[in-house]
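K.L.:
What follows is the residue order along each chain.
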Amino acid sequence: MKKSDKHNTYSNIAVFKDYSLLPFNYSQFHNKELIVNLFGDYLIVQNGTVDRIINRTLNKYNDNDIYTDLISNNFITKETVPINLNVLATRYRTKKGLLNYFTGLHIVVPTLRCNQACIYCQVSHVSSDDCSYDIDFRTIDNVLDIIFKSNNPSITIEFQGGEPLLAFDKIKYVVGRSKEYIKNDLPKVTFVICTNLTLLNDEMLNYIKENNILISTSLDGPKIVHNKNRIFTKNYSYKSTVEKIIKCQKVLGQDRVSALMTTTGYSLNYWKEIIDEYISLGFHEIFLRSINPYGFALKNCNENLYSVDDFIDFYKKALDYIIEYNQKGNYFVEVYAKIILSKILTPFSNGFVDLQSPAGLINSVAVYNYNGNVYPSDEARMLAEMGDDYFLLGNVNRDNYYDIFYGSKSKEIANTWANECLNGCVDCAFQTYCGADPVRNYSTQKDMYGFRPTSSFCKKNKMIIEYLLELIESDKKIELIFNSWVAN
Amino acid sequence: MSNITNGIAYNLENSVIVKTIDMDSNIVFCGKEENRIIRPFVIDGKTTYGYLCNYPLEDTPLKTFPYFVTKSIENYNTGDILLIDKSGYIKTLYQKESKHNYIFFTEYCNHNCIMCSQPATNSENFKAQLDINKGIISLLPKEEMVLGITGGEPTLFWKDFNEYIALLQNNCPEILLHILTNGRTFYDYEKVLDFAKLNVNNIVLAIPVHSDYFEIHDRIVNSSNAFYDTIQGLYYLAKHNIRIEIRFVILKINYHRMVKFARFLYKYLPFVEHVAFMGLEPIGNAQNELNNIWISPDLYMDELEESIEYLNSLKMNASIYNLPLCCIPDSIIGNYRKSISEWKNIYLDECENCINKCDCGGFFSSAKNLEHKYLKPIKRS
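Listed in order, the protein sequences are those of chains A and B.
Under the numbering used here, the first residue of the first sequence is numbered 256, with each subsequent residue one higher.
Under the numbering used here, the first residue of the second sequence is numbered 1376, with each subsequent residue one higher.
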């Protein structure tokens, strides 16, 4: 490294002089400096400190507090090889714990058919009577053979669509056959149906209860927002969904039903009403999701496209409102904040597949389409539905496990799935709190590597992470609330 | 338990370990005078009997049995295990009614903590101590109970220690052992593997970590590399799911990093099942170092509150030991434990009318002469 390089990542290459450097990244943070170590522990220090750390002008006696903080938090070490290297290795391993096992989340698409026509649909719905878009039994058998090759002791099989309830016989077949793979209670298998609930009848509900299946539905907020986003005959979408949510909560239990919201341009003004809607339905969390630039979302540009700044404005107002609600003694979580906070505030790894490094693609999630095609994520499948099969890993009826998950496409994706190795991420202070998303890069920037300065993914995450750090630093009581969100 | 009473031993040739038994279940000659008390005991778990009494038995049929005359006979209850020495003293080894029973394993130690309440003299006969401890095992009740193992550093004689714990668990399968150790032994992974072969579900290792910064911890325990060795040992123990309690004694030289310690604990040692923040017992080494280590509790309550609130919010199990109740802020009162052993706690004069006295652990008797300006007794109206 030349002396003039303005590179802001430092590794342990310096010669020992009182102390050696351990890997950390830094960034300016409101007239101070934010430094983050390999495990996501951060310190906020006076301006100029980073320079003094690396130039060895920091002194144990004159700068005792910062010196001891840096040693204790493993930013620097007294030895050339840290005496506690095993401890550091364990902490790093714990942070990357998601890599302990192969894929745990397996998304199965029993049908592409749907009875709704949502303005942001990411899968390009087909009408509800075209059976050529249903999975067949032979394909299911092959999908299950591949799913249960994973060594993960805990497997989740999630049914996506289309509307999976339109192919309920296929769901029953998957659930029934899965039991044949379980030996001595392993793996533990969790089933989730992602459904708009409108077609749910008592017979289905009984089956869902008997088989301990989780329900994940879509609720965009109060009637005015939900019906605008999720088009259904005669505007009954909201009424029908809410009635069914309440029924499911009653029959299956409050904790067996969750809901997801998608933020459209239309939602932006309704942050308060959307949260109130979730609270009034008895939910303890909400996931404020920005729209994904795939599928119909791109076609219906006017309703859907809003700037990152608009979304962040919406997100901050909503998060403030949620924190206020928590400060009154309630427990209500914003899920995206929780995902990032768990990276900032805990020593553990978390299982959210969209914000990981290495990316969740293949490592944590695989998607099996109705026709047997396998994709590394749901977003990759959405691209395929739009006619771009770039991320196709293989087909369960044609290829074996190794061809699919260790084939040339997987290897190609692996080149760009770690943000430790991406320009713009490698030296970012938020690296450990963020993730890599080659599919997003490909769809928005035309290549998997991506270009951070114009990446909306990068901009959005940076703004949210920075805001969360601001909140933590602004008020100890807010940190305690955040801790309660991430505590196991 | 260092509860020692003097008296006179009769018909004893050696020291014996005895267990007092129920009066009614035995044929005993009871004294004619009202204030004469006799307590029978068994010796070594066999069928040999003897007696504790508060008067000589020469004029009774029991005069040929081993017996011991003491004025403090009311201190001894059924089920207590005692060491009776022929030279004329009784030492209580196990008190049936107490929740604070400890087996004193050895006084040798590889640390010399600045605030140690029982500093090692390195003069004991370890084998004799081991014999006493082995004698206790056969007399211990078989039911579920908690027993502490302490020292010195009990793991120092590793082979004896390991065998002893195995023997103890074998004799009393339901016993929960709470072992006070500085944890350094477990820096040796081979020893962790040995230890993991015991029934570790019923063992908690209580290990002190006094700072997040190595130099402060090393200085407190008077041993270099202690911090990093201990932390490494904790990781080895955690790898085998061995139950761990961390102990942090609050001193003038470490309280200012208490919040940072709490953060360190969650980030580096999230696997521990319990952490105790402890007031200082100003006895032993602590007495000599008092000016350097004693800090009035009211001066660190902000730090303690922030630390405990932080750990509570992350669902870590934290306790406050060895402090008077009235100095603890309401927000963390749920973490307060009445922890000082009943044989060494006291209350001050101003505590006499406090309505919270029965929930309060009071003070170490050794802290009697320190200033207690922060006390806020709540008077009965």
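Just so you know, not all the hints are guaranteed correct.
Below are the DSSO-like pairs computed for lysine-lysine, each with C-alpha atoms no more than 30 Å apart in a straight line [unchecked claim]:
hint : chain 1 : residue 1 : chain 2 : residue 2
1    : B       : K1751     : A       : K717
2    : B       : K1509     : B       : K1743
3    : A       : K350      : B       : K1642
4    : A       : K731      : A       : K287
5    : B       : K1751     : A       : K350
6    : B       : K1474     : A       : K333
Worth flagging that the hints you see were computed from the coordinates, not collected in a lab.
K.L.:
Now tell me if each hint is right for this structure.
P.N.:
Now the hints, each set against the structure:
1. The suggested pairing of K1751 (chain B) with K717 (chain A) is violated, with an alpha-carbon distance near 49 Å, which exceeds 30 Å.
2. Pair hint K1509 (chain B) plus K1743 (chain B) does not hold up; C-alpha atoms about 36 Å apart against a cutoff of 30 Å.
3. About 11 Å separates the Cα atoms of K350 (chain A) and K1642 (chain B), which keeps this hinted pair within 30 Å; it holds.
4. The straight-line distance between the Cα atoms of K731 (chain A) and K287 (chain A) is roughly 19 Å, inside the 30 Å bound, and the hint therefore holds.
5. Between K1751 (chain B) and K350 (chain A) the CA atoms are separated by roughly 46 Å; this puts the pair beyond 30 Å, and the hint is violated.
6. Between K1474 (chain B) and K333 (chain A), the direct Cα distance comes to roughly 44 Å. Violation of the 30 Å bound is thereby established for this hinted pair.
This entry does not satisfy hints 1, 2, 5, 6, going by the numbered hints stated previously.
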